[in-house]
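Those protein sequences? They're chains U and Z, same order as listed. If you read the first sequence in the working numbering, its first letter stands for residue 547, the second for the next number, and so on. If you read the second sequence in the working numbering, its first letter stands for residue 547, the second for the next number, and so on.
A couple of the hints might just be wrong.
[Stated by the list, open to error] Per the computed footprint, the stretches of chain U lying under chain Z, defined by three or more beta-carbons under 8 angstroms from a beta-carbon of chain Z, are:
#1 645-655
#2 673-679
#3 699-712
#4 726-733
[Claimed, not checked] Going by beta-carbon spacing under 7 angstroms, a handful of chain Z positions derived as facing chain U:
#5 Ser-655
#6 Leu-677
#7 Thr-712
#8 Leu-715
#9 Thr-718
#10 Gln-728
None of these hints come from the bench; they were simulated from the model. Ideal Cβ placement from N, Cα and C applies to all residues, glycine included.
Letter by letter, the chains look like this.
There are 2 protein chains.
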Amino acid sequence: MPAAYDSAEKRSELVRAARELLHQRGFHRTSLADVAELARVPLGNVHYYFRTKERLAEAVIRSHEAALRERFELWSKKHADPRKRLRELLRAPLDSSDSVIQFGCPHGSLCQELEKLASGTPLAKAGARLLTVYVDWCAEQFQALGAKPREARALAEQLVSSMQGTMLLAHTMRSRELLASQFRRIEVWLNGVVPKN
Amino acid sequence: MPAAYDSAEKRSELVRAARELLHQRGFHRTSLADVAELARVPLGNVHYYFRTKERLAEAVIRSHEAALRERFELWSKKHADPRKRLRELLRAPLDSSDSVIQFGCPHGSLCQELEKLASGTPLAKAGARLLTVYVDWCAEQFQALGAKPREARALAEQLVSSMQGTMLLAHTMRSRELLASQFRRIEVWLNGVVPKN
DNA sequence: GTCTATAAATTGATAGAC
DNA sequence: GTCTATCAATTTATAGAC
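Build the full structure now, drawing on both the sequences and the hints.
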């Protein structure tokens, strides 16, 4: 079915373009015309695939969510040691540090913008789920390391908070050094937490 | 000079209204009409006091900055022990936890929005200065506790990152518990860091 | 299914009377 | 200095031709 194939192709191309622009310029500063242009789709056609700008943003969030779960699954398969899995999580922002410094965390900054721009709506709730996915997965890893459920949850919240706060600060101050040194510190903390007996 | 007094009065009333709305709805979702209404000033009059919406936002940031410096000065006078000063900083978000849960940190969320909405402009740079004020003051306190300049800087970045990340997470997840438990943990960390010999 | 043209709404900014 | 009325621009969303 070539028609359906082309359709799905254009749809995912729109999502890809929107994901990039939402990260770089944010939701408000990204117009549908921008997305259409980057995806090489005529403006009026966007509404055939997505009824509203909000729906397009929701699709972007779902794509982020799928990508996150995919990475988590990959790391779980790659390492038997949960600590090594968490170390991969810590290294990811450093591997794309240019982008983090210039535009912030693609998940955290989107969450924050949607909380202001669309607080209470399904869109903001979808955004919030992104951070939940992080915390839930981290909590699983800490539990696998031997922490009790409540403790694992607290450690997960601490890890995600530290990462998000550091990315916000490093982005705002445009400091790659801050990002690197703080993430190194978090890794040291990670190596010593929930010690094996 | 009663005319000038009324003028200054209206001006500062506009800033007060804008500060409240910027925190609750963010920059983009706050229209000049909203600000004018809350400040009880006719819409067309806003432009007499502030040439553009950006200038109004800059005035809001300056007012945040002044309030921050005032608080820091107060705490410095109140406590000879820098650790006690930093503890006050940690308690402040808990004292206004309802507002933090519902709208996030008034400084951090503004920074993040301006980085997306007005990246590179004087307005975004003014916003970034807010976080710098935090870090600089914290670094001074850690140095007064006996830390070397570089170490004090790193500790300040860690403290501010943890606070900002926690507020982002607690706001996004609407969890007062998360806010309280993580801030308690940060306070425990603070009590043990840079130990007196 | 695809696209052009345009409607509709919001809102920042200004002109000009008083 | 103060305010009303309005302009101008942006952008989401839709109507309708092909």
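Against the structure, the hints come out as follows:
Look at the stretch 645-655 of chain U against chain Z: 3 of its residues bring a Cβ nearer than 8 angstroms to a Cβ of that chain, three or more, so the hint holds. With 4 residues carrying a beta carbon less than 8 angstroms from a beta carbon of chain Z, the stretch 673-679 of chain U meets the three-residue requirement, and the given coverage holds. Given as covered by chain Z, the stretch 699-712 of chain U passes the check, having 10 residues with a CB less than 8 angstroms from a CB of that chain where 3 are the minimum. Counting residues of the stretch 726-733 of chain U whose CB lies closer than 8 angstroms to any CB of chain Z gives 3, which reaches the minimum of 3, so the coverage claim holds.
Residue-level restraint check for Z:Ser-655 holds (minimum Cβ-Cβ distance to chain U is 6 angstroms; threshold 7 angstroms). Hint status for Z:Leu-677 relative to chain U: holds, with the closest Cβ pair at about 5 angstroms, below 7 angstroms. Interface restraint check for Z:Thr-712: the shortest CB-CB distance to chain U comes to about 4 angstroms, inside 7 angstroms, so the restraint holds. At about 5 angstroms, the closest approach between the beta carbon of Z:Leu-715 and any beta carbon in chain U falls short of 7 angstroms, and the interface hint on this residue holds.
Among the interface hints, the one on Z:Thr-718 holds; its C-beta lies about 5 angstroms from the nearest C-beta in chain U, closer than the 7 angstroms criterion. The interface hint given for Z:Gln-728 holds, since its Cβ lies 6 angstroms from the closest Cβ of chain U, which is under the 7 angstroms cut-off.
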